[in-house]
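Enquirer: So the protein lines, in turn, are chains A and B.
Our numbering applies: residue 1 is where the first sequence begins, and numbers increase by one.
Our numbering applies: residue 1001 is where the second sequence begins, and numbers increase by one.
Read the hints as simulated data drawn from the structure, not as lab findings.
Glycine residues also receive a C-beta, built at the ideal position from the N, C-alpha and C atoms.
A few of these clues could be false.
[What the hints assert, rightly or not] Heads up, simulated DSBU-like pairs for lysine-lysine below, C-alpha to C-alpha not over 30 angstroms straight-line:
id, chain 1, residue 1, chain 2, residue 2
1, B, Lys1091, B, Lys1004
2, B, Lys1091, A, Lys30
3, B, Lys1005, B, Lys1091
4, B, Lys1004, A, Lys65
5, B, Lys1005, B, Lys1123
6, A, Lys30, A, Lys52
[What the hints assert, rightly or not] Residues from chain B that keep clear of chain A, each with C-beta distances beyond 10 angstroms, as calculated:
id, residue
7, Lys1005
8, Phe1016
9, Ala1019
10, Thr1023
11, Ala1031
12, Arg1034
13, Val1061
14, His1062
15, Ala1066
16, Ala1067
17, Pro1074
18, Trp1122
19, Asp1129
20, Asn1130
21, Pro1135
Chain residues, written in single-letter form:
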Amino acid sequence: MADYILIESRDPFDSAEVGRFLDLAEGLAKEGGEVALFLVQNAVMAARHGAKAAALAALAANGVKVLADSFSLQERGISPNGLTAGIAVAPLSAVIDYMATGRRALWH
Amino acid sequence: MMGKKTLTFMLMDAPFENARTTTALRLIDIAARRGYDINVFAYEGAVYLPLAAQARHANAVHGTDAAEEDHPLPREWVAAVMQEAARNGGKLDWVNCGLCVDERGANEAIAGVRRGSPADFWKMAGASDNVLVIPTR
Chain A
1 MADYILIESR DPFDSAEVGR FLDLAEGLAK EGGEVALFLV QNAVMAARHG AKAAALAALA
61 ANGVKVLADS FSLQERGISP NGLTAGIAVA PLSAVIDYMA TGRRALWH
Chain B
1001 MMGKKTLTFM LMDAPFENAR TTTALRLIDI AARRGYDINV FAYEGAVYLP LAAQARHANA
1061 VHGTDAAEED HPLPREWVAA VMQEAARNGG KLDWVNCGLC VDERGANEAI AGVRRGSPAD
1121 FWKMAGASDN VLVIPTR
């Protein structure tokens, strides 16, 4: 079973396609692979505590490692302490780390 | 410390338009700092990223001249990541899609950029440890 790094760059309040990408992450995790979802650019907006982020929290609870880009958070004035439970802050280098270990990488 | 890797990126966005360009170059910069070998296949509007003719300009609305405006130029970012890769023992092979270049008249690229075709991307992908496609949509 392959392992994956999925990179979400879009704000779910701006793009309905985000939901389908999260469904993909969930499906891949259910298949048994290790799945990380990296939120970058406006995708981090949904990581805020109090945002409509139930899907992200559910992913985190179901084995998907959900990470939010520290730089994107800083750009948007979002405190790392203000994120939904289960979402961790990470530098963009985490994506390169995953790629270097051979995870299949998908960008949305 | 992981061994030396080869990563391939496909970029499609034209410069000055989307944060994807910045994120893509941030990713490439991280790989360059690690001394990885990096391939970039620039497709569609991304062939403008290393366009040599990019120039700073004044901004009458801001009341600034070109130097004060200090407008960032993607061609300089591309040159910088090439230099960063070389400085750390890696290399960055940047290939502009030739048909995309012809369509756009984007022939004059900075040094280090070569012309190719999607077949080059296929070869790069096959010879890489990993590939990331960053599409426009």
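Enquirer: Look at each hint and say if it fits the structure.
Expert: Verification of the supplied hints:
1. B/Lys1091 / B/Lys1004: Measuring from Cα to Cα gives roughly 11 angstroms; hence the hint holds.
2. B/Lys1091 / A/Lys30: 38 angstroms, violated
3. B/Lys1005 / B/Lys1091: 11 angstroms, holds
4. B/Lys1004 / A/Lys65: 26 angstroms, holds
5. B/Lys1005 / B/Lys1123: Distance of about 16 angstroms is within 30 angstroms: holds.
6. A/Lys30 / A/Lys52: Holds, at roughly 23 angstroms.
7. Lys1005: 5 angstroms, violated
8. Phe1016: 16 angstroms, holds
9. Ala1019: Its Cβ does come within 10 angstroms of chain A, the nearest being 5 angstroms, so this is violated.
10. Thr1023: 6 angstroms, violated
11. Ala1031: 6 angstroms, violated
12. Arg1034: 7 angstroms, violated
13. Val1061: 23 angstroms, holds
14. His1062: 21 angstroms, holds
15. Ala1066: Given that every Cβ of chain A is farther than 10 angstroms from that of B/Ala1066, nearest at about 26 angstroms, it holds.
16. Ala1067: 26 angstroms, holds
17. Pro1074: 17 angstroms, holds
18. Trp1122: Non-interface label on B/Trp1122 holds, nearest chain A Cβ at 17 angstroms vs cutoff 10 angstroms.
19. Asp1129: With a cut-off of 10 angstroms, B/Asp1129 comes too close to chain A, as the shortest Cβ separation is near 7 angstroms.
20. Asn1130: 4 angstroms, violated
21. Pro1135: 7 angstroms, violated
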